[in-house]
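**Q** One line per chain: the protein sequences are A and B, in this order. In terms of our numbering, the first sequence has 111 at position 111, counting the first letter as 1, and numbering is strictly consecutive. Take any residue in the second sequence, note its place counting from 1, add 250, and you have its number in our numbering.
Relax, there's no trap hidden among the hints.
Chain A side only, calculated, beta carbon under 7 angstroms to chain B, not exhaustive:
no.: 1; residue: V81
no.: 2; residue: M82
no.: 3; residue: D108
no.: 4; residue: L117
Distance condition first, Cα-Cα at most 27 angstroms in a straight line; then the derived BS3-like pairs of lysine-lysine:
no.: 5; chain 1: A; residue 1: K126; chain 2: B; residue 2: K346
no.: 6; chain 1: B; residue 1: K271; chain 2: A; residue 2: K132
no.: 7; chain 1: A; residue 1: K126; chain 2: B; residue 2: K256
no.: 8; chain 1: B; residue 1: K502; chain 2: A; residue 2: K13
no.: 9; chain 1: A; residue 1: K132; chain 2: B; residue 2: K256
no.: 10; chain 1: A; residue 1: K196; chain 2: B; residue 2: K346
no.: 11; chain 1: A; residue 1: K216; chain 2: A; residue 2: K196
no.: 12; chain 1: B; residue 1: K346; chain 2: A; residue 2: K190
no.: 13; chain 1: B; residue 1: K256; chain 2: A; residue 2: K83
no.: 14; chain 1: A; residue 1: K245; chain 2: A; residue 2: K216
no.: 15; chain 1: A; residue 1: K56; chain 2: B; residue 2: K346
no.: 16; chain 1: A; residue 1: K57; chain 2: B; residue 2: K257
no.: 17; chain 1: A; residue 1: K56; chain 2: A; residue 2: K196
no.: 18; chain 1: B; residue 1: K502; chain 2: B; residue 2: K346
no.: 19; chain 1: A; residue 1: K13; chain 2: B; residue 2: K346
no.: 20; chain 1: A; residue 1: K216; chain 2: A; residue 2: K241
no.: 21; chain 1: B; residue 1: K452; chain 2: B; residue 2: K304
no.: 22; chain 1: B; residue 1: K502; chain 2: A; residue 2: K229
no.: 23; chain 1: B; residue 1: K498; chain 2: A; residue 2: K83
no.: 24; chain 1: A; residue 1: K57; chain 2: B; residue 2: K346
no.: 25; chain 1: B; residue 1: K275; chain 2: A; residue 2: K126
To be clear about the criterion: a stretch of chain B counts as covered by chain A if any three or more of its residues have a C-beta under 8 angstroms from a C-beta of chain A, and this derived list gives those stretches:
no.: 26; region: 264 to 272
no.: 27; region: 337 to 350
no.: 28; region: 495 to 506
No lab work stands behind these hints, which were simulated from the structure alone. Positions of the beta carbon are idealized from the N, C-alpha and C atoms, including for glycine.
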Amino acid sequence: MDSMIRVNDVSMKFNLGIEKNFSLKLFFINFFKNINKKKEKPKDFWALRNISFDVKKGEVIGFVGGNGAGKSTLLKVVSGVMKPTEGTIEIGGNICPMIELGAGFDMDLTARENIYLNGSILGYSKAFIDEKFDEIVEFSELQEFLDVPIRNFSSGMTARLAFSIATIVDPEILIVDEILSVGDIAFQQKSENKMKSMIGGGTTVLYVSHSIQSVKAICTRVIWIDHGKMVMDGKPDEVVKAYLKASNLE
Amino acid sequence: MLLNLKKYSFLLQQLISRDFKVKYKRSVLGVLWSLLNPILMMCVMAIVFTNVFKFSTPGVNYLAYLLTGLTYFNYFSESTNLAMSSVVGNFSLINKIYIPKYIFPLSKCLFVGINFLLTLIPLYAVIILTGTGLNVYHLLLPISFVFLFLFTLGMGMILATISVFLRDMFYIYGIVLQILTYMTPIMYDITMLDPRLQFVLKLNPLYHIITFARTIILYHQMPSATSFLACTVSSLVSLLIGLIVFKKNQDKFIYYV
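Looking at chain B on its own, in the form it has when it is part of the complex (with noise of 0.2 angstroms):
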């Protein structure tokens, strides 16, 4: 996979700038969108969740604490909505034209990755407007990045598979997706919960993940040597069972699609 991968390098690329393109072309905004987006929903959260359920989260910035975790898990819920139906929005290619089928789904993450690391203009906004500041951490934020990336593109090579021969898949993730965004610390704090409740919601990947970049971004902390190893290990192993499952069954899509 890897081998061909510079092989068709121009092709990914070429369909990054598609999607770019067509996704800004008819807005008179345009780009500005993807900056503006999050701080509209931040600041629609925020409204709700510190003035109707009085949430806090004690010793750090509220809307900071709210659009970290927002930056981080729209980043996953749009690309693996976008992978998964990836290769069957493709079917008219595959069926006609030999091109390695990973490139869909990598594309759509990768596509969505350049949204993310401009919504990173709003979020460091946010960070020094309200005062909760930078420090020498920062640097090691990236890392996060790749953890997400990573698991991300893993969960969407499994989705892309299963929604190939399971057209019910979009219907069903939608719903899964929602009861994720609960299930996930992005409004509120994971200490506020029941400790049984907590144990079960840090079986969640991206708790690990958006918490990686938290104890830096708030906490002004180095992460801990147990979060680099859970989000190593959860992203590692999420790609690894994505490009398994992906590589068995890609041969068969053809049948499918």
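So here's chain A without its partners, still in its complex pose (with noise of 0.2 angstroms):
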């Protein structure tokens, strides 16, 4: 089986001025401004720089580095959230982001509506919905509340449904950025169980967490991230222990 995931030379630019121009006012004030004062540089700020790496079958990748330093970007890229200003990504399976857990939530509606409301946005289809939706609920333990809005929720119940319809599935590639926990402590076991249960199945993971434990336990391979560069690509012990040591933390 070749790579499931290939990132070649991904470079992502932002532009940090960019929240200048929002309104005709300040569109007005810069236009005047830059007659007088010539052409001012735009910031550029490269959140990656030629990233490379392949991913094969059955996989875990743990990134690690500090905060900003592209960590989260390069997921958003590789899920397709985001276009690289430069490279391309291919990708060889069906993604299933953990990014965000409730997107599109609507607190209106009630639990059963957004579990078909989220599951949509998820990309399940109607009949995948229908076929997994007791498992949905049951995992959730929200039975007694199914035709509850869940503005009514507590934010732990929310999270837990939440959790419940992101997990469904039995995705080729599963992208995790730190979501481990939800809920009550029972809950929290509950999840993390379930985390490790897909992640050990033989599906290929990209893994984003701060907790180096849990990047040790899980990951088959680790990549060290700085300023959008890819400093360290390896053995999880040999990495941590270089991204350790740079951090001063050993």
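Reconstruct the complex from the two isolated chains, following the hints.
**A** Below you can see the structure in the form of structure tokens.
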């Protein structure tokens, strides 16, 4: 089996000055400023710079790096939310991006209606949701509240529902951005077990976490990113050791 | 775009039914408001324009004339307004999950479309009660719905794109829509006006679409070939420009929303 994900020389540029031209007023102000001052160079910020790597089927890849290193941007580029400024990405399977739970929940709708709405946003078909509906409800333990609008839910209940919907699939590629535990202690345990079984089931996983322990425990390969550049790519122990050393934590 | 429309049809359906549920969930009369609203608006405008301004439309019933224009124009104004804010309003989704972005304006235009079909009930009630009567050409009326939908969708996509980059568009469009309300012959007949002004008003595609409908409903005639042509061209051009503008810019949305 060849690679599931192929990231070829991907760079991602953000224009930090972009926020300025939000309104007509500022547009005109800037317009006249520019006449006087000639052209100001826009501030470019490279969130990712020449990142390349191949992911084989079944690999569990952890990403480490400080805040703002570009880990989440990389996941967004891989999951198709953002188009890379340069480079290409090839994907060889269906992706389940667990970047944000409960995206698109509507507070006015009931839990039942939200399961269908959120499921459709995640790309599930109607037949699939129909089939898995009971399983979702059972896992979330919200049987009694199915026909209650989720505006009346506690945040923990909403998170449980969201987690149950997101993890019902058997994706070929799973993208996880630090959302292992939600809900109360009992549910946290349950959700962690669920995540572990999803990750352990032969799926290809991209995993971002600041918890070094969980990265070491779960991943088969670790990539260290710093300031948008790839610093190291290799065995978890080695990369984590180097990363901790660089962060003066060892 | 069309290929993955099939793949995302369930999402589209869910978004539309969400809008529908949310709109009516907390009101006592619910869907009845869709029927009552145009009737009430028609009554207000009819009282003002027939009594205060002494408007009349010779040969045809003024109420039916007014309501035909209102029904079509309301679809346009409501759809474009919702479509315009649909991309900005769904930022949290666009930023987190890959969804083809055209889904948002499209779902709004379809959602208001369902409402539009409901408002045909009061429209036909007025057509019958005022003695305007039916004719065989009413079978052609759905074509005007298609014209209206395509034209509106195109404009909606253009507005959605602009509003991402320029938030002032929400305020600007409010005024544009106000101007358009008077520039479109909803409450008056275009023949009342100066010929030069008539020429300007005829550049408005909505005029042609509404006239298409009125020719059938009020004048019991088959719309002319020119009318067909004007509607087809304006709706297709609007849709094409909308698609191109939207497609060209959609990858940049994420940096601005």
